[in-house]
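Going line by line, the protein sequences match chains A and B.
Each position in the first sequence, counted from 1, maps to that position plus 2 in the numbering used here.
Each position in the second sequence, counted from 1, maps to that position plus 2 in the numbering used here.
Some hints could be false.
Each pair may be met inside one copy or between any two copies, as identical chains are not told apart.
[Said to hold, decoys possible] Taking lysine-lysine and the DSS-like style, the derived pairs with C-alpha atoms no more than 27 angstroms apart in a straight line are:
(1) LYS59 to LYS317
(2) LYS70 to LYS59
(3) LYS47 to LYS59
(4) LYS232 to LYS14
(5) LYS318 to LYS59
(6) LYS232 to LYS177
(7) LYS47 to LYS70
(8) LYS59 to LYS341
(9) LYS14 to LYS129
(10) LYS14 to LYS70
(11) LYS235 to LYS10
(12) LYS177 to LYS14
(13) LYS177 to LYS235
(14) LYS232 to LYS70
(15) LYS10 to LYS232
(16) LYS14 to LYS203
(17) LYS235 to LYS14
(18) LYS203 to LYS235
(19) LYS203 to LYS10
(20) LYS318 to LYS341
Because the hints were derived from the structure by calculation, they are not lab data.
Protein chains: 2
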Amino acid sequence: MSAFEWEKNIRKVVPYTPGEQPEERDIIKLNTNENPYGPSETLYKAMSELDSDSLRKYPNPAAHDLVKSLADYHGVSIDRVFVGVGSDDVLGMSFMTFFNSDREILFPDITYSFYPVWADMMRIPFKEIPLTEDFRINPDDFCRENGGIVIPNPNAPTAILMSREDIIRIIEASKDSVVIIDEAYIDFAPEGASVMDLTDKYDNLLVVRTFSKSRSLAGLRIGYAVGNPKLIKYLNDVKYSYNSYTMNEPSIILGKAVISDDEYFRETISRIVSIRERFTDELKELGFTVLPSSANFVFAAHPDISATDIFEAAKKEGIYFRHFNAPRINDYLRITIGKDEDMDRVITFLKDTYNL
Amino acid sequence: MSAFEWEKNIRKVVPYTPGEQPEERDIIKLNTNENPYGPSETLYKAMSELDSDSLRKYPNPAAHDLVKSLADYHGVSIDRVFVGVGSDDVLGMSFMTFFNSDREILFPDITYSFYPVWADMMRIPFKEIPLTEDFRINPDDFCRENGGIVIPNPNAPTAILMSREDIIRIIEASKDSVVIIDEAYIDFAPEGASVMDLTDKYDNLLVVRTFSKSRSLAGLRIGYAVGNPKLIKYLNDVKYSYNSYTMNEPSIILGKAVISDDEYFRETISRIVSIRERFTDELKELGFTVLPSSANFVFAAHPDISATDIFEAAKKEGIYFRHFNAPRINDYLRITIGKDEDMDRVITFLKDTYNL
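Taking the hints into account, I'd like the entire structure generated from these sequences.
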């Protein structure tokens with residue numbers, strides 16, 4: 003198409019490419035870190051609340067019922083919780099709100115690929131801090147002047163967990179900027195790994211979570227942040243200035259219902275963690291290097307077989323992994339933990355295809 | 003609360019204040035232009051598609067099924083439709099994408115109050131073009147250098163419709179910028195009032211719609227835009243750079259279902275239009291000035307009674323109107339058209355309270 007006159011005056015960005023969402027039903031989809039188990043059944047009972055009156059009217063702009071149930075669940079006051087349309091929305095709003103100085107924000111060079119995309123789009127200067135040789139975050143590298151810091155814990159796609167002590171060092175060295183810890187996968191890490199409790203102590207710490215992984219609700223798009231009431235207030239001010247009603251009624255009602263079923267939540271997580279451990283051992287037996295995972299996926303490489311090759315061969319068999327064609331990690335595959343039978347098929351596929 | 007060190011480096015905005023969403027069930031809520039009739043019943047049948055598998059997985063990032071049903075409904079190709087979390091999200095993304103020059107964007111001085119909020123937040127220079135004495139838009143005033151134009155048609159809160167000819171004059175005078183016509187209320191206007199068909203002819207025209215008014219689905223948060231494929235592509239690029247999955251699965255599935263029931267849609271609109279005409283006549287009989295409405299609300303003032311007074315007195319009776327404490331319009335009340343019995347109660351209240 004030829005250029006139009008108005009094109010010179012608009013914002014052109016190179017868009018983020020999300021993982022493939024193939025529509026076929028019989029594939030093994032291990033490429034976007036979804037939960038293989040469905041959401042809590044409590045959700046279906048709550049669906050009857052989606053009546054004519056609740057759908058024709060605007061939702062509560064503060065998504066009060068959902069915020070309240072999250073606040074109660076985490077034992078914090080409601081003015082310390084912010085909700086958004088997936089953690090992407092929460093993180094995007096946070097970038098817009100908190101990363102507003104002329105100084106560079108910091109995040110790892112190998113990390114969630116949306117961070118540089120948001121920074122580019124919002125024209126926030128940034129510096130990517132290299133991970134160590136063994137793909138770990140060295141906290142010292144983050145103790146420098148900055149306009150803000152964002153780190154996923156566990157990191158993605160490495161799945162490696164950072165210690166609370168290391169995070170505390172970073173927060174204490176950055177008192178005049180906001181430190182965001184993106185805990186999208188923290189529910190799959192050992193107890194006590196989260197730093198959410200530290201939001202009480204550190205007014206510049208924001209902890210972000212999502213319903214898309216451990217809560218089995220990627221289809222509903224719910225993310226949230228917990229922090230000091232003042233951080234949450236600034237975040238809400240920006241949210242209300244962009245879209246007063248981001249959370250629709252199904253998200254509020256069904257999200258709240260799912261939070262109430264803690265038993266199912268813990269049970270599915272423990273199942274996934276145990277499948278992850280078993281699958282990791284099996285991959286190692288086949289000669290793979292597997293980074294120590296605290297998430298619902300593993301990051302693995304084989305010394306003799308290219309990741310691209312495995313990725314393509316698996317896809318032909320209807321098995322979807324994620325491969326990042328990026329420096330340092332293009333030998334690796336990110337494999338979501340599915341059900342036992344899914345992982346069995348992966349192991350069988352690898353053995354059969356590569357005579358391992 | 004005292005100031006924190008990080009506060010100097012963040013974005014502080016004066017947030018938009020949405021209309022009140024009182025929680026009591028027995029009130030008459032005529033303050034946020036919701037539809038008094040519920041959404042099409044086809045929606046409840048579609049709800050069974052919200053199964054475990056569709057909720058645990060990410061939705062289709064392009065919201066394909068919803069986009070396809072909108073494209074079919076309007077007789078356009080799918081690359082000409084963009085969907086978002088309410089028309090606020092669609093408009094917000096459009097501001098971010100298309101209003102990116104150093105020139106002032108133009109919109110009426112009396113209009114949807116979110117426009118200056120978005121411009122402020124995104125640091126877009128803007129000029130508010132005064133409506134005429136009788137609250138109309140003079141197209142000549144918009145035929146000047148600009149970085150973009152946004153006009154609701156019918157305008158809000160005046161409810162007054164602009165002619166196609168006037169809109170065409172504005173579009174033709176602004177070939178190097180994008181003109182957004184916000185048709186949130188167009189379904190309540192006479193047939194042929196929409197300029198959506200002109201998106202075929204004018205590559206710089208974007209028409210925005212919402213499910214929140216005529217489709218009775220404010221609770222689901224669905225808005226959309228129709229325009230040239232290149233406009234839609236740029237919009238999607240920005241969307242994918244902010245949040246790949248803005249539309250959740252309930253929005254996609256239920257939104258699509260509602261589109262399929264055109265008969266119910268037309269029937270409720272015609273009911274609302276006829277109640278609006280009857281209510282307008284009755285207000286006039288009570289001495290009110292009522293601007294000619296092509297929307298699902300009326301904008302009315304009484305020569306002898308202050309709007310603030312009526313607003314407060316009505317609220318005490320459980321009747322909610324919208325009042326804008328702004329120059330030129332603070333004598334007016336915006337009253338949403340509800341069911342017959344709601345409007346009867348309004349008339350009775352006015353007669354009884356003010357001896358009209």
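Cross-check of the supplied hints:
1. In this assembly of identical chains, the alpha carbons of LYS59 and LYS317 lie at most 27 angstroms apart only when taken from different copies (18 angstroms versus 44 angstroms within one copy).
2. For the homomeric pair LYS70 and LYS59, the shortest alpha-carbon distances inside one copy (20 angstroms) and between copies (25 angstroms) are both at most 27 angstroms.
3. When the C-alpha separation of LYS47 and LYS59 is checked against a cutoff of 27 angstroms, the pair qualifies both within a copy, at 21 angstroms, and between copies, at 20 angstroms.
4. In this assembly of identical chains, the alpha carbons of LYS232 and LYS14 lie at most 27 angstroms apart only when taken from different copies (11 angstroms versus 34 angstroms within one copy).
5. Only between protomers do LYS318 and LYS59 lie at most 27 angstroms apart by alpha-carbon distance; the minimum there is 21 angstroms, versus 47 angstroms within a single protomer.
6. For the identical chains of this complex, LYS232 and LYS177 are intra-copy neighbours only, at 15 angstroms inside a copy versus 44 angstroms across copies, given an alpha-carbon limit of 27 angstroms.
7. In this assembly of identical chains, LYS47 and LYS70 lie within 27 angstroms of each other by CA distance solely inside one copy; the values are 19 angstroms within and 30 angstroms between copies.
8. For a Cα distance limit of 27 angstroms, the shortest separation of LYS59 from LYS341 across copies, 14 angstroms, qualifies, whereas the shortest one inside one copy, 40 angstroms, does not.
9. In this assembly of identical chains, the alpha carbons of LYS14 and LYS129 lie at most 27 angstroms apart whether taken from the same copy (22 angstroms) or from different copies (24 angstroms).
10. Only between protomers do LYS14 and LYS70 lie at most 27 angstroms apart by alpha-carbon distance; the minimum there is 25 angstroms, versus 39 angstroms within a single protomer.
11. Proximity of LYS235 to LYS10 under the C-alpha cut-off of 27 angstroms is restricted to the inter-copy arrangement: shortest distance 15 angstroms between copies versus 37 angstroms within a copy.
12. In this homomeric assembly, LYS177 and LYS14 come within 27 angstroms of each other (Cα to Cα) only across copies, at 18 angstroms, whereas the closest approach inside a single copy is 35 angstroms.
13. Proximity of LYS177 and LYS235 under a CA criterion of 27 angstroms is satisfied intra-copy only: 19 angstroms inside one chain copy versus 41 angstroms between copies.
14. Proximity of LYS232 to LYS70 under the C-alpha cut-off of 27 angstroms is restricted to the intra-copy arrangement: shortest distance 17 angstroms within a copy versus 42 angstroms between copies.
15. Taking the shortest alpha-carbon separations for LYS10 and LYS232, only the inter-copy value of 13 angstroms comes in at or below 27 angstroms, while the best intra-copy value is 39 angstroms.
16. Proximity of LYS14 and LYS203 under a CA criterion of 27 angstroms is satisfied inter-copy only: 23 angstroms between copies versus 41 angstroms inside one chain copy.
17. Within a single copy, LYS235 and LYS14 get their C-alpha atoms only as close as 31 angstroms, which misses the 27 angstroms cut-off; across copies the closest is 10 angstroms, which meets it.
18. In this assembly of identical chains, the alpha carbons of LYS203 and LYS235 lie at most 27 angstroms apart only when taken from the same copy (17 angstroms versus 45 angstroms across copies).
19. Proximity of LYS203 to LYS10 under the C-alpha cut-off of 27 angstroms is restricted to the inter-copy arrangement: shortest distance 20 angstroms between copies versus 48 angstroms within a copy.
20. Taking the shortest Cα distances, LYS318 and LYS341 sit within 27 angstroms of each other inside one copy (20 angstroms), while across copies they are farther apart (57 angstroms).
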